[in-house]
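Those protein sequences? They're chains A and B, same order as listed. Its first residue numbered 118, the first sequence is counted upward by one per residue in our numbering. Its first residue numbered 588, the second sequence is counted upward by one per residue in our numbering.
Simulated from the structure, these hints should not be mistaken for laboratory data. Any given hint could be a false lead.
Unchecked claim - Each computed EDC-like pair below joins lysine to aspartate or glutamate, with the alpha-carbon atoms no more than 16 Å apart:
1) A:215 / B:928
2) A:200 / A:166
3) A:265 / A:220
4) A:151 / B:656
5) A:215 / B:656
6) A:151 / B:659
7) A:259 / A:287
8) A:123 / B:656
9) B:1025 / B:951
10) B:765 / B:747
11) A:151 / B:668
12) B:598 / B:633
13) B:853 / A:220
14) A:123 / B:951
15) A:215 / B:659
16) B:853 / A:344
17) A:151 / B:655
18) A:148 / B:655
19) A:151 / B:663
20) B:695 / A:277
21) B:691 / A:338
22) A:215 / B:655
23) A:123 / B:633
24) A:148 / B:659
25) A:151 / B:666
26) A:148 / A:186
27) A:123 / B:655
28) B:623 / B:928
29) B:895 / B:668
30) B:789 / B:928
31) A:266 / A:293
32) B:895 / B:737
33) A:148 / B:663
34) A:200 / A:186
35) A:125 / A:166
36) B:691 / A:220
37) A:125 / B:656
38) A:148 / B:840
39) A:125 / B:655
40) B:691 / A:163
Given the structure is predicted, the values throughout are model-derived calculations rather than measurements.
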Amino acid sequence: MAIIKKYKSIIIEKHQLSSDVFSLVIKSLGKPFKYHPGQFLHLALDAIDFSEQWPESRCFSIQSSPSEDNIKITFAVKGRFTKRMVNEIFKGSQVFIKLPYGDLFTQDHNRNNVVFIAGGTGVTPFLSLFSDYRFSLYSGAKLFLGLKKKELNFYSDLLDVARINNPDFDIKIYYEGINGFISVQEVIEHDNNDNVFFISGPPMMIKYYKNELTKNNISIERIITDDWE
Amino acid sequence: MNMQNIDQIRKEIIEKTTSYYNAKFLDKKFIPGKSKVNYAGRVFDEKEIINAVEASLDFWLTEGRYSEEFAERISEFLDIEHVLLTNSGSSANLLAFSALTSEKLGDKRLKPGDEVISVAAGFPATVTPIIQYGLTPVFVDIKIPTYNIDIIQLEKAISDKTKCIFIAHTLGNPFNVKEVLRIAEENNLWLIEDNCDAFGSKYNNQYTGTFGHLSTISFYPAHHITTGEGGAICTNNPLLANIVRSFRDWGRDCYCAGGENNTCGKRFSQQFGNLPTGYDHKYVYSEIGYNLKMTDLQASIGVAQMNKIKEFCTARKLNFDIWTRIFSKYSDFFILPEPMENADPAWFSYIITLKEKNPFSRDELTSYFSNCLIETRNLFAGNIIKQPAFLNKNYRVYGDLSVTDYVMNNTFFLGTYPGLSNEMFLYVEQILDEFMIKF
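The shape of chain A in the complex, shown without the other chains:
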C-alpha cells in the first residue's frame, strides 16, 4: 500500500444511474491522486480538523484508472451514510477523501487466464484495471458479471473500451431474470490449475463463489477477493 494521503476534493459530476445507484466524479483540489487499479478510498462528508480524528467515512472502490485526472466511484444506497451522500453531495460540493487502500491487483499473481467474477457494483474495482494500460499485460482474461437486470448494466461502454485495450478479453454477463446467476460450472471450466480467480461483489455472493471454487479443488491461494463488511 503506497502512502495514504488525504485529499481535499470537489464533486464535478453526480449521476443517478437507477433509483438507488449513483456515480460521482471527484477532482482533487491539491496534488493529483495516486493509486493503483483495484484500490479503494475513504470518503468523508464532514470537514477534517487535523487536531481531531478523521470523520465518519465509508470505503468505495475506485472505478477510474490511475491514468485519469479524476476519480469515479459508483455506489448503491444501502444505509445511513450513503443516504447522506445522496442528500448532501451535489456538483460543486467539497468532500474529503483518503487513499489508496487495498492490494487487490498489487498482490503478486499470474496474469494468464485470469477469471474475474463480479456482482453488481462489485465490478467497479475491476473496471479500474480494465481501463488501465496494465490490463494489456493480461492474456486470456475472462469476466463473469452478474446483474439483476439489463437496466442496471451501466458498464457496457467501459467494457467495450476494455475489449479494445485487450482484444483477447472475453466477457459474459448474467441477468437474473434472463439467464440467472453466474454459473459455477462455467467458471470452473476456466480452471487450468494455475490461474487466479478474482471475486468482487456483495459479501454473500463472494462467500458463495469462494466456497464453490474451493469445493471444486481451486486452492484458496488462487482466489483473491475484494470483500468488505
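With chain A held as given, fit chain B onto it using these hints.
Frame of chain A, contents of chain B only:
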C-alpha cells in the same frame, strides 16, 4: 471561542516563533579557537520551528498530517513507492531486517542460522539485527579509498547458507551497486541498502536507497536532514511495505493509523490464526513486532527539512571539494577519499586515512584537532568484531580484514555538513598547516 479567534491566536504564536528564532539562532558568529568546528549538526531556520509549533498546536502527536506529507515528500524525492517512517535509522535497519524474517515470505524468509554478508568497518546498527535474529553475519573486507565492500571478496564469501546482503553506502559513497545487484540476483539474495549516511547520493544518476529490496534512512542530527531522532524504510515491494508496517506497529495485521478504525472495511469479518471469526482486526497480530513509530512533531520538522535537501546535498559536495583542496597539500601523508565509479555522493563526511609509515599517528592529529576545538570521528566501530559486544558472538570472517584493521587504526573523518562556513574551513586549514609544519 470562535474559529476566527482561534486562527488569530495561532497566527500570533507563529509570528512570535519567527521573532524568537531571529533573536535566538540567527547571526551566530564563529570565533576561531573559541567556537567549535563540529563534524555535524542540525541546520535549520524558522520554518522547522514553525512546523514544530504548528504540530504542537494541532496536538495530534502520533502520525498525522505531517507524517503523511513527510513520507510523501521522501517518496517523491527518491521516486519510490513506499516510505514507512520510524523513530531512528537504527530502528529502520531493525525493521527492514525483521521484515525479511516474516513467515509471509514463505521459503524466502530469513531464518536463524542463515548467513548475511556485511562489513566490519561500519556502524553497529547494520549488523546488530542480524545477530539479534540469530543469523550469522559474514564480514568481508573493504577497499580504500572508497571504504566500501570489496566486491571480489563479497562474491567469494557466499556460501549455501547466504541469504542476504546488508551493507551501507559508506559515509555517503555509494557501493558498487551494479555488481552487488548482479551478485544478489545471481544468488537469489535479499539486498538491504543501509542508506542512512547517503540520503541524496546517486549511482548511475539514480538515488541510492532505490536499488535494494529495502533501504533505510536516518534523520539523526548528523545526517543529511534531521527530525532529531527519526528514520525511514523505503521499498517498491507492497508486501514488504505491509510487513514493515506490521513490525513497526506492534506486529498488528491491521494498517489503520493512530485514531483510525476500519480503514480496511472488514474489521469484524475475517478469521486469523485460531481466533474466532470476526475477532476485531485492530487487535490481530500477525508478526512479533515493536512500536517504533515516528511522531507528528518529528515529521513536521522533516517536512521543512525536505525543502532544503537538494541545497544540503550541494553544500556537502562543495564542502567535500574544499577539504580535498586543503588536504591535497599533504598528499604524501594522507590517502584522500574517492567516489565510487558512476557515483555522485552526497558526502556524509570527509574521510582520510594516514599513509603507511607516517611520521605521526592518527590519534596525534585528531587530538591536536580536538584541542583546537575541531571535531573528528573514527569510521564508527572500526573493526566491529573487536568491539566488546561482539567478542563472543557468532559470526564468520571471509579472508582477512586487514584493510578494516588498517582503517580502525589510521582513519578519521571531518564533517561535510552544510553548517560549515568559510571561516571554519580557513581556521581548520590554519590549524592543519601548524600541525604539518613539523613534518
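Satisfaction of hint between residue 747 of chain B and residue 765 of chain B, Cα-Cα up to 16 Å: Distance ~22 Å between residue 765 of chain B and residue 747 of chain B Cα, so the pair is violated.
Holds or violated: residue 148 of chain A to residue 663 of chain B, with C-alpha atoms at most 16 Å apart: Answer holds: residue 148 of chain A to residue 663 of chain B is near 12 Å, not above 16 Å.
16 Å limit on alpha-carbon distance, applied to hinted pair residue 123 of chain A and residue 656 of chain B: At roughly 10 Å apart (the allowed maximum being 16 Å), residue 656 of chain B and residue 123 of chain A satisfy the hint.
16 Å limit on alpha-carbon distance, applied to hinted pair residue 151 of chain A and residue 663 of chain B: Holds - the C-alpha atoms of residue 663 of chain B and residue 151 of chain A are around 11 Å apart, at most 16 Å.
Straight-line alpha-carbon gap residue 853 of chain B to residue 344 of chain A, limit 16 Å: Holds: residue 853 of chain B and residue 344 of chain A sit about 7 Å apart, inside 16 Å.
Given hint residue 655 of chain B paired with residue 148 of chain A - CA-CA distance at most 16 Å: Holds - the C-alpha atoms of residue 655 of chain B and residue 148 of chain A are around 13 Å apart, at most 16 Å.
Pair hint outcome, residue 148 of chain A versus residue 186 of chain A [Cα-Cα no greater than 16 Å]: This hinted pair holds, its Cα atoms lying about 10 Å apart.
Pair hint residue 123 of chain A and residue 633 of chain B, alpha-carbon separation not exceeding 16 Å: violated, 26 Å
Proposed proximity, residue 655 of chain B with residue 151 of chain A (alpha carbon, max 16 Å): Roughly 13 Å separates the two Cα atoms, so the pair holds.
Pair hint outcome, residue 215 of chain A versus residue 659 of chain B [Cα-Cα no greater than 16 Å]: Judged against 16 Å, a Cα distance of about 13 Å means the pair holds.
Given hint residue 656 of chain B paired with residue 125 of chain A - CA-CA distance at most 16 Å: Holds, at about 14 Å.
Pair hint residue 215 of chain A and residue 928 of chain B, alpha-carbon separation not exceeding 16 Å: violated, 43 Å
Hint compliance for this structure: hints 1, 2, 3, 10, 14, 20, 23, 28, 29, 32, 34, 38 and 40 are not met, and every other hint is.
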